[in-house]
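Line order of the protein sequences matches chains A and B.
Just so you know, we're using our numbering here: the first sequence kicks off at 1 and counts up by one.
Just so you know, we're using our numbering here: the second sequence kicks off at 1 and counts up by one.
Simulated from the structure, these hints should not be mistaken for laboratory data.
There may be inaccurate statements among the hints.
Calculated pairs, DSS-like style, for lysine-lysine (alpha carbon to alpha carbon, straight line, at most 30 Å) [unchecked claim]:
| hint | chain 1 | residue 1 | chain 2 | residue 2 |
| --- | --- | --- | --- | --- |
| 1 | B | Lys51 | A | Lys437 |
| 2 | B | Lys87 | A | Lys379 |
| 3 | B | Lys51 | A | Lys267 |
| 4 | A | Lys477 | B | Lys87 |
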Amino acid sequence: MSTSSQTRPPRATRRGGLFRWFDRRTGINAVLHEALDEPIPGGARFAYVFGSALLFIFISQVITGVCLALYYVPSAGDAHTTVAYIVKVVTAGSFLRSIHAYGSSAMVILLLLHVTQTFLYGSYKGRRELLWLSGCGLFVLVLCMAFTGYLLPWDEKAYFATAVGTNIASEVPVIGSWLKALMRGGDNMGTLTISRFFVAHVLVIPAAIFGFIALHVYLFRKAGSAGPIDEDPYVPAQPPEPFYPKQVIIDAIFALVIIGVLALLAKNIPFDLGPKADPADTHYIPRPEWYYIPIFEWLKYWPGSLSFIGIVVIPGILAFLFASLPFIDRRMERRPWKRPVAVGCYVFVFLALFGLGYQSYAGDHSDPAVAKQIAAQEKAMDDYMRQPFQPELAAGGAATATASADPLVAKGSQIFRAHACNACHGNGGVGTPAAPKLTGLHQKLSPDQLTALFNSPSAQMTAGGMPPVRLPPDDMKALVAYVESL
Amino acid sequence: MSFAELDPSLQPALSTRRSYLGWLMGLCVAGVGAALSVPIIRYSLYPLSAKTTETKWSDAGPASDFTSLSAPVQREITVEAIDGWTKTASNKVVYVTKNPAGQLELLSAVCPHLGCSVQWVDSQHKFACPCHGATYSPDGTKLGGPAPRGMDSLESRVQNGRLMVRYQSFRQLVPTKEVIG
Chain A
1 MSTSSQTRPP
11 RATRRGGLFR
21 WFDRRTGINA
31 VLHEALDEPI
41 PGGARFAYVF
51 GSALLFIFIS
61 QVITGVCLAL
71 YYVPSAGDAH
81 TTVAYIVKVV
91 TAGSFLRSIH
101 AYGSSAMVIL
111 LLLHVTQTFL
121 YGSYKGRREL
131 LWLSGCGLFV
141 LVLCMAFTGY
151 LLPWDEKAYF
161 ATAVGTNIAS
171 EVPVIGSWLK
181 ALMRGGDNMG
191 TLTISRFFVA
201 HVLVIPAAIF
211 GFIALHVYLF
221 RKAGSAGPID
231 EDPYVPAQPP
241 EPFYPKQVII
251 DAIFALVIIG
261 VLALLAKNIP
271 FDLGPKADPA
281 DTHYIPRPEW
291 YYIPIFEWLK
301 YWPGSLSFIG
311 IVVIPGILAF
321 LFASLPFIDR
331 RMERRPWKRP
341 VAVGCYVFVF
351 LALFGLGYQS
361 YAGDHSDPAV
371 AKQIAAQEKA
381 MDDYMRQPFQ
391 PELAAGGAAT
401 ATASADPLVA
411 KGSQIFRAHA
421 CNACHGNGGV
431 GTPAAPKLTG
441 LHQKLSPDQL
451 TALFNSPSAQ
461 MTAGGMPPVR
471 LPPDDMKALV
481 AYVESL
Chain B
1 MSFAELDPSL
11 QPALSTRRSY
21 LGWLMGLCVA
31 GVGAALSVPI
41 IRYSLYPLSA
51 KTTETKWSDA
61 GPASDFTSLS
71 APVQREITVE
81 AIDGWTKTAS
91 NKVVYVTKNP
101 AGQLELLSAV
111 CPHLGCSVQW
121 VDSQHKFACP
131 CHGATYSPDG
141 TKLGGPAPRG
151 MDSLESRVQN
161 GRLMVRYQSF
171 RQLVPTKEVI
181 G
């Protein structure tokens, strides 16, 4: 396909001088010819749009992702505030974040459609094993992107879903706990977890995706388009049609539909941000993003010592079978109705995933206690979205400044530090992942109520690791005055 | 092999049609691209159109406290400054006094000489800087000493019965008031 530019006058000779000048220095004409004149046996089809749609949505994710990074800070103390700043303060911030967040779902949907089309059309057959394997690599990388990106807002659902997700890694035999600590940057979720997930999400995995896309497209062009289901995968017999213009137009229209749907969703139903992650909240029921729900449900059926089989062995076998499909299925038959076993397995796995998803949904809605808690979580999220943006108090700010104003408060501040309250609640009571913030408590609790809570913490506080405070009355008074001043 | 090679006679007509289509598509892509880049540009340029760093008005107490002012009084105010998504708060000292016209005026306690805290000396009925001896009248006018100018007045207003002040810092050692920061 590359010889044609030598056997006939280059198209550039029929064009303006500027194009010719440019072409002689860049060879752009040959590149365009290579890119646009790709022969498609049997002609352009709507069925072929998913690959280029994935590329399009990936580029959209890169652009919106770069935008988000403009205001985002990956640390446990700042991540949630900066995302709230993007959503509530910055012009078009909520819109771009919603495009990015919904875009991840769109990417998973398109990925499934692309795989399904490739599978049903038997387009993995005929020297396309490496093309299929590079696609499997992309599949895993996209799922890793979804997993790592989900944590970054550091809100309740992000925190708890990732806590569960990283716990699953610890089920891997021998290296499990090591793997978990590697992902989390320690035994517990914290600021190191965020920076690790951030680096994976914006540097490592995207770089790998770019590489795999290049490989995937190269291998695709090397093997050639497989064409319709009755076509021979090695030597296409049907008259080809060039990629440009018809397939390009179909692809462009589909891309336009996708971005239109995403923009409408982003505009009308902004992707929500919940309250900041509160690890002490023992009532929170974590639920992953929809595409992980079936796997999430699946894990419930494998308690205790069996979990290794459910989490590692069965998914591992399935993934291995899936990746080695073009090596197992060597027949050249492409019509799905002539491949009952392969198609049957595929449909079965899909139905099983749907069934598990439904099971999870039904389970959540049939148990009134769970349904109530999930409704409360959704309400907390809506409430948080409606609150105006609260700027984060910079260290060494008002808390320390006010402390010096009143001697009682100053004494309380010393007690606060002497008893290492700041180890969990942060300097100036700004809160850490280990314990909630104390700032603004005076709006909710009177000094007497606070003293009572210090003497005998509530069940929720005890569960979060808050010990009762034993102090002489004067010191207690000073500490209460200090905490109320925050 | 490409499609054109299969039937070269088609090439000229195809080329015209394709190049016309190319322009049309290029136009469409440019239009859609322009529409999509609007939110991205607005998002990126947000700090140009909105104040992302600002000093808020601070409360210096109820205005009624200062109706019968015979001598300047010292007030500690909390100055909140917004810097992007963070907020800093610091305590500053100001003096509430009256200008010759009898209106309330707020003075920064920072000496315009080298930045020490100017103190009110009631027995002498004037401000005096403890560092290098600059002295100022009750309304902040320079009386003597090394200071290049009088004490710096701050923007103030009465809002809902509270005396509000906008705290600023000024360059030292210059004869005119220049805001810094």
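Results for each hint:
Only pairs whose Cα atoms come within 30 Å are accepted, and B:Lys51 paired with A:Lys437 is accepted, the gap being roughly 28 Å. A distance of roughly 28 Å separates the Cα atoms of B:Lys87 and A:Lys379; the hinted pair therefore holds under the 30 Å criterion. Between B:Lys51 and A:Lys267 the alpha-carbon distance is near 25 Å, which keeps this suggested pair within the 30 Å criterion. With a C-alpha separation of about 28 Å, the suggested pair A:Lys477 and B:Lys87 falls inside the 30 Å cut-off, and the hint holds.
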